[in-house]
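Undergrad: Sequence:
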Amino acid sequence: MPAPSATPPTDSPDSGPARRNSAERKVVTVLFADIVESSSMVSGRDPEEADQTLLTILQILTDAVERYGGTVAQVLGDGIMAVFGAPSALEDHALRACLAAQDIARSAIDSDEFKVRIGISSGEVVAQIIETGVWTDYRTVGETVHVAAKLQQRAQPNSVLLSRETLDLVPKGLTVRPAGELRLAATAEPVTAFALEAARAMRRTAMDLLSAEGTLFVGRQPELAVLAGALRQAERGRGACAILIGEAGIGKSRLTGELMRSPEAAAFTIAIWPQFPIRRLGDPDDLEAAARCLALSVCGEMSDPAVGRLTAAATRNGGELAGEAMRELLGQPSVHPLWQGLDPAQKADFSVEGLVAAIRELSAERPLLILVEDAHWTRGLTNRLLDALVEGVEDTRVFVLVTSRPDTPGGWTAADSVHAIALEPLEPLQADEFLDHWLGHSPSLADLKARVAAQSQGVPLYLEESLRTLETTGVIVGSPGRYSLGKADARMSLPATVHGLLASRIDALEPGPRRVLMHAAVIGTSVDLGLLRAVSPIPAADLPSALARLEQSGFFARSRLLPNLELTFRHALVQEVAYATLTKRERQPLHGRVLHALRRRSDRNLPNRAELVAHHAFYAEDWPLACAYGRRAGRRAEMRCKHFDAGRFYEQALKALDHLPDTRRNIQRRIDLWVGIPLVLLPQGRQLAGDPLEEARDMALGIDDRIRYARATSLKASFQWVYGVLDGAIALSRSALDHLGNQGTMELRIQGLMRLGGMLVDKGHFPEAQEKLEQARTLALTHAPRARFGLTAVAVAITAAYQGRCLAELGRDDEAVQVMLHALDIAEEVGHAFSVSSVKVHLALVHIIGERFAEALPLLKDAVTITEATRLHIFQPITLGALGYAIARTGGAAEGARLLNASLEQAHILNHSLPRPRILNWMSDLALETAQHDTAIGCAANALGIATDAGQLSEQGWSHFALAQAFTATAQHREAMEHLAAAETMSRQLSMLPLSDRCRTFRRCLAASGQVT
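Every position in the sequence shown, counted from 1, becomes a number in the numbering used here once 398 is added.
It cannot be assumed that every hint is accurate.
Pair ranges (Cβ atoms, derived) [unchecked claim]:
#	residue 1	residue 2	range
1	THR1333	MET600	47 to 55 Å
2	LEU1099	GLU1249	48 to 56 Å
3	ARG931	ARG636	36 to 44 Å
4	ARG931	ARG1063	32 to 40 Å
I should point out that these hints are in silico values taken from the structure, not numbers from a laboratory.
Just so it is clear, the structure is predicted and the values come from calculations on it, not from any experiment.
No residue lacks a Cβ here, since even glycine has one placed at the ideal position from N, Cα and C.
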């Protein structure tokens, strides 16, 4: 970057030490403007003349920057560097920079005396004011600065190049064309450049949403009903004014767009007066803009007839001078002598009267809906116009709808007579509906949806921008309504558009409360007052008033009074933006101070102390404490079925271990974490990145730790089991038990026996499965009947779940139900979601095998609720499929078929092959009942193929039977008999009494009908 310009010292010729304010991270737009061929402009000239020439041009550049709220960071000999969005954040910093660049380029073109090159880029920088006795520098550092400088160098004379990041921040108002790519370095990613052709001070309005396709309207039906009712009243001559109040992004434009789409609005002429915080040179003043919008809405054009029509309307309703005022507003100077004699203040009064008079008169021809968006940015005359409309439309066919933010100073203040409608964030269920609509129903996205919903807290704009960022960064892949998880390890980054919006609110605070907010953000979204005192940047005596200011401004809400005061950020994204503003160098010691305070607190008055210590120890880089508490917090989360949180804590503990010496104990901790992380991925339906379990096995062998080797091997077997590698899973599970021998904890032995028993059930080796499961159950009843064993949870419950299904397949139905009901009592007493869900699903499967579908229904409905609430994706395919089959067999054919198809799609998305044969056989059975014979054959054949590949012998038997039935229905007797014989053979080999009975009954029916001898 070029060196900063020097300014004369103010009090000493010695520079002295540099004085620096606190550096902050900012999302800004940087503009570089360079005077082309400046050397030739000053060559051969007197220095004073040369200086005056360049200063005149530089003044044009700096004036444009100042006009749009930018900061001139450096004035160079032949150019400037400007920053938009710092020191104070601006929500529309990218648009402002483009407007300034356009003004500069147009000034150069119009003057024909100089030329400029301009480059613009947006992104994160570190910004800091540095002062010495010689110079002052607003220093900004980051890749964004270098990209802007490179774009300026690449630009043609009198042209503007901007980056993709800048373009993405301006949803409306820019016209650009592609301009190739550039690289900052040989190894750097290419930067896409765009040439700016035009920029307009515009924002996305209700009209844009009205014309958008595929938009979803969620959660505002009561407010829409109120507004639609007001429109009906206005059409009957009872005009009114209403104001929608809500924070930025809450959905005001969405609601007004939906109102304009409604049947009630069809009878109205709609005039939209959007307000902007930016005004370009040459833009019409406020009342002129309102008059032109009215003419375009009513007449469809700005023409002499349009001017005449509006002028006549104003005259009829308001008198001659009102008409002359309207004429002037529409760009035709009045020659009326009375008008010529008025002073500016009187003309302004008549201009307001003329607009109101024209609106009243025109509404007699056709009702008028006047929409004033973003009234928090209105200025003097527009405020007067709105006040006059409130008083002047009561007996007309006019409805005035105004939108405004409550947290923005200035703008229009509505009278008490104006009906105010406050928009609140969407309810959780409404946010879920929104996310399901845009993302679809892929199980892989369940955790991501929960994180987006929690982060966005029901603000539609935050939801939309978060989804756009997730797609751009590759976290999700697909198309609207059909997305799936892309980069599972990608970080969910804060949308730059939302960052600018929230940062501008934060930067509008006074310095004291602003710094308190930023330091509070270090603690988290919930802020304990005792912890805040430990990091407060202001004296303790001033802290209460600063917190009161932050509460009043809508940043904090009190969430707890006892045993200690706790504040909560009203929006998690505000906390994230405030935290992101701090530099990493500043964050670490603040985390250390919070950690120090936490170590003096107890779990009794701070229930989540372990999780807080783990978090702050990690970011304070206290590695021993981060490792110890990360493991502890992970286990606590795991026991509460908060698997995503558990995985996050385990991963932080693992990273902390990288900074600790490789002692035997730390190697054992690493093995435990390599086992722990996959353990919490399994119920989420997420596959492993790499093979940490194999690394854990190798490391355990390296230190001759047979117990940890057995634990890692057993869990690796579980992954192979879930993903359909049954034979490999069984072999690994046997190996784990063999290596365990007589060593290890009772917990590990019970886990190993349960897993092996469950695998043998899916394999179809029911007698051996029953033996292993009975061993596990006996050990659990003897040593820990209600103990939770990680994901195996309540051992007695999980063992009974597998046993019940095994006994049902063996024909011991009554015994199966009795065992499982006892286990369900234990699981519900302990209250462990994984255990309860598992037992209910398997008990329902026992009822389905016994064809007791009505008894299976309530169990499956409960299980679906549990698996969705706790995101136990591992159970969702079989649970949904079983529920669909039970519903279909109890009269709900259409709903049942929908759920069966959804369950099959989920199994495919999760790559779970084991539930698919059973689901497909159920689908074959239902297709056969509705005479869809080809579908029945296709489903059963597909089931047989998958079961054969996975080695599921019992499912092969049921698939053969399904094919026998389907081929019989199509009179393919030879194929039917082959499959029936195969089913009979497998039922005998596997001791599957229910299948054997079904085969025997079916053969008798065939014999009775003469189809077989």
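Undergrad: Could one say that the CB atoms of THR1333 and MET600 fall in the range 47 to 55 Å?
TA: With Cβ atoms ~54 Å apart, the hint holds.
Undergrad: Within 48 to 56 Å: is that where the Cβ-Cβ distance between LEU1099 and GLU1249 falls?
TA: Hint holds: Cβ distance 50 Å, inside 48 to 56 Å.
Undergrad: Range hint 32 to 40 Å: satisfied by the CB atoms of ARG931 and ARG1063?
TA: Between ARG931 and ARG1063, where Cβ atoms are some 37 Å apart, the hint holds.
Undergrad: Cβ-Cβ distance between ARG931 and ARG636: within 36 to 44 Å?
TA: violated, 56 Å
In summary, the structure is inconsistent with hint 3 from the numbered list given earlier, while agreeing with all the others.
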